Structures are given as C-alpha cells and as structure tokens.
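Q: Just need the whole structure built from these sequences, with the hints factored in.
Numbering (the working numbering), first residue to last: 2 to 252.
The set of hints was computed from the structure by calculation and includes no laboratory data. The structure presented is a predicted model; accordingly, all values stated were derived computationally and were not measured. Glycine is no exception: its CB is placed at the ideal position from the N, C-alpha and C atoms. Among the hints, a few may not be true.
Mimicking DSS-like on lysine-lysine, the simulated pairs with C-alpha atoms at most 30 Å apart in a straight line are [said to hold, decoys possible]:
#1 Lys234 <-> Lys37
#2 Lys41 <-> Lys4
#3 Lys24 <-> Lys4
#4 Lys3 <-> Lys24
#5 Lys155 <-> Lys41
Label-pair ranges, simulated between beta-carbon atoms [stated by the list, open to error]:
#6 Gln196 <-> Ile20: 39 to 45 Å
#7 Leu165 <-> Ala131: 32 to 38 Å
#8 Pro252 <-> Lys155: 15 to 21 Å
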Amino acid sequence: MKKLSVIGIGAGDPDYLTIQAVKALNRVDVFFLMDKGPAKQALVDLRREICQRYIVDRTYRFVEAYSPERQRGDVDYAASVEDLNRAKQATFERLIEEQLSDGQCGGFLVWGDPSLYDSTVRILQSILDAGRCAFEFEVIAGITSVQALAAQHKVPLNSIGGSLEITTGRRLAAGQVGDSASVVVMLDAEDAYRQVSDPDTHIYWGAYVGTPDQILIAGRLEEVAESIERTRKAARQANGWIMDTYLLRKP
2 MKKLSVIGIG AGDPDYLTIQ AVKALNRVDV FFLMDKGPAK QALVDLRREI CQRYIVDRTY
62 RFVEAYSPER QRGDVDYAAS VEDLNRAKQA TFERLIEEQL SDGQCGGFLV WGDPSLYDST
122 VRILQSILDA GRCAFEFEVI AGITSVQALA AQHKVPLNSI GGSLEITTGR RLAAGQVGDS
182 ASVVVMLDAE DAYRQVSDPD THIYWGAYVG TPDQILIAGR LEEVAESIER TRKAARQANG
242 WIMDTYLLRK P
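A: The structure is reproduced here in structure tokens:
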C-alpha cells in the first residue's frame with residue numbers, strides 16, 4: 002500500500018516545525034513540490050531547506066510539478082475554485098500513480114497547517130473517493146500564519162470572553178462577517194480592511210510572517226490603513242508575490 006504524509010511546515014520559519022513533523026519527514030521517500038512559477042521559487046527553496054536540515058541518514062528525492070492556478074478576473078469564483086481543484090486532483094493523482102511505488106511514502110509539505118485554507122487534504126480524499134488510486138494518508142498539524150502573526154505582535158487572538166472569527170478578504174469586503182470582537186482575515190488580495198467602517202478598530206497586520214522578509218504594522222485602522230496599503234503594494238512589486246494576514250479587533 003502506498004502511503005502519504007501531508008505535513009504542515011509552519012508559516013515560513015524552519016524552526017516552526019514540530020517534532021511530529023520532523024519525524025514524519027524522516028519517513029518520506031518522495032516529496033512532491035508544486036511549482037508556482039519563478040516569483041514563488043522561494044517557497045520551493047524553503048521546502049528543500051527544511052528537508053536538508055531535518056532529514057537524517059535517509060535517501061529521498063524531490064518531484065516537482067506545475068501547480069495549476071485559479072482563473073481570475075471577471076469569473077464565477079465558486080466555479081473557478083472547483084475547476085482549480087479538479088486540475089490539482091488530476092496532477093496529484095498522476096504524481097502518486099507514476100512517482101510512488103507500492104510500500105513507499107510520499108510527502109506534501111503544506112505551508113502553515115493543512116486544515117486552514119489549504120486544499121491538499123480535500124483533494125486527496127476526492128482521489129480516494131474516485132476509486133482509481135489507492136493509498137493511506139496522515140495529516141501532521143503545523144503552525145499557521147494566524148498563530149505566528151499573534152506571536153510576532155505579542156497579542157492574544159481573542160479578547161477576554163470574546164469570540165474569534167477567521168475569514169477571507171473576499172467575505173470581509175462583502176460584509177459577510179459576524180459580530181466577533183476579533184476577526185482574522187486571510188487571502189485578502191484587495192485591501193478589504195478599508196471596508197471596515199469603525200475607524201477605532203485596531204489592526205495587527207503582517208506579511209511574510211516568520212521569514213527574513215517579515216513586515217509588521219499595527220495601530221488604529223484609521224491611522225495605519227494607508228501605510229499598510231502602500232507597504233503591501235511595494236512588497237508585492239519587490240517580491241512578485243505577497244502572503245499576508247491580519248487581525249482586526251473592535252474597540
């Protein structure tokens with residue numbers, strides 16, 4: 002039987018790996034690396050660095066494959082995500098069939114944690130449900146950008162007795178958030194924090210958290226929103242991509 006490990010590698014710093022993740026790395030024969038283009042080569046390089054640092058006395062190899070991209074622009078969002086996941090499913094299934102022998106273990110190194118805004122577990126389960134490919138898989142938790150953001154800003158995620166909501170920039174911009182005192186926003190490509198009406202809301206923002214390129218800004222939203230927007234734009238232009246997360250706290 003083929004085996005797979007979906008390993009959460011944390012939010013950028015190799016020191017974020019858990020002991021459980023390190024043990025899992027040392028069981029893997031083939032690591033599948035998804036190539037997202039030259040601009041994000043640093044993400045692939047980090048995965049290689051993690052393996053070199055933590056794998057001891059074991060032979061392993063890397064297999065790289067192009068990672069399908071979601072169609073953007075004026076398209077139906079739900080349909081574009083469905084198309085993306087189908088394309089990823091076909092890619093993953095091909096890799097498992099062609100690159101992994103019976104009895105071997107394959108590894109997917111997932112940024113952050115596999116349970117939070119990542120499709121790997123969902124796609125692997127869809128492959129099993131289709132019945133064309135047989136394997137067993139395990140999921141190893143990782144430190145998310147949400148946890149790393151709070152740690153770097155030295156703040157708790159929730160207020161005393163208050164609830165915490167984790168959502169996306171798309172939902173925040175559409176007003177689709179609850180009444181939680183604390184809201185963590187991920188996957189925001191459009192500066193959706195500018196849609197928050199209460200200027201006294203406090204924001205804790207971070208980009209490339211845990212990496213050498215880390216940027217942190219915090220303060221009253223009214224006072225720092227423009228600075229965050231300028232910083233995001235400059236960082237995206239400089240690096241070709243940006244990965245940021247922020248916490249909004251009501252006054």
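Q: With reference to the structure, classify each hint as holding or not holding.
A: Quick rundown of the hints versus the structure:
1. Restraint check: the Cα-Cα separation between lysine 234 and lysine 37 comes to about 20 Å, which is no more than 30 Å; the hinted pair holds.
2. Between the alpha carbons of lysine 41 and lysine 4 the distance comes to roughly 28 Å, so the proposed pair stays at or under 30 Å and holds.
3. For the proposed pair lysine 24 and lysine 4, the alpha carbon gap of about 15 Å is at most 30 Å, so the pair holds.
4. Distance restraint check for lysine 3 and lysine 24: the Cα-Cα separation of roughly 18 Å lies within the 30 Å cut-off, and the hinted pair is therefore satisfied.
5. For the hint linking lysine 155 to lysine 41, the alpha-carbon distance of about 28 Å falls within 30 Å, and the restraint holds.
6. For the pair glutamine 196 and isoleucine 20, the beta carbons lie near 41 Å from each other, so the given range of 39 to 45 Å is met.
7. Range check, leucine 165 to alanine 131: Cβ separation about 36 Å, and the 32 to 38 Å hint holds.
8. Separated by about 19 Å at the C-beta atoms, proline 252 and lysine 155 satisfy the suggested range of 15 to 21 Å.
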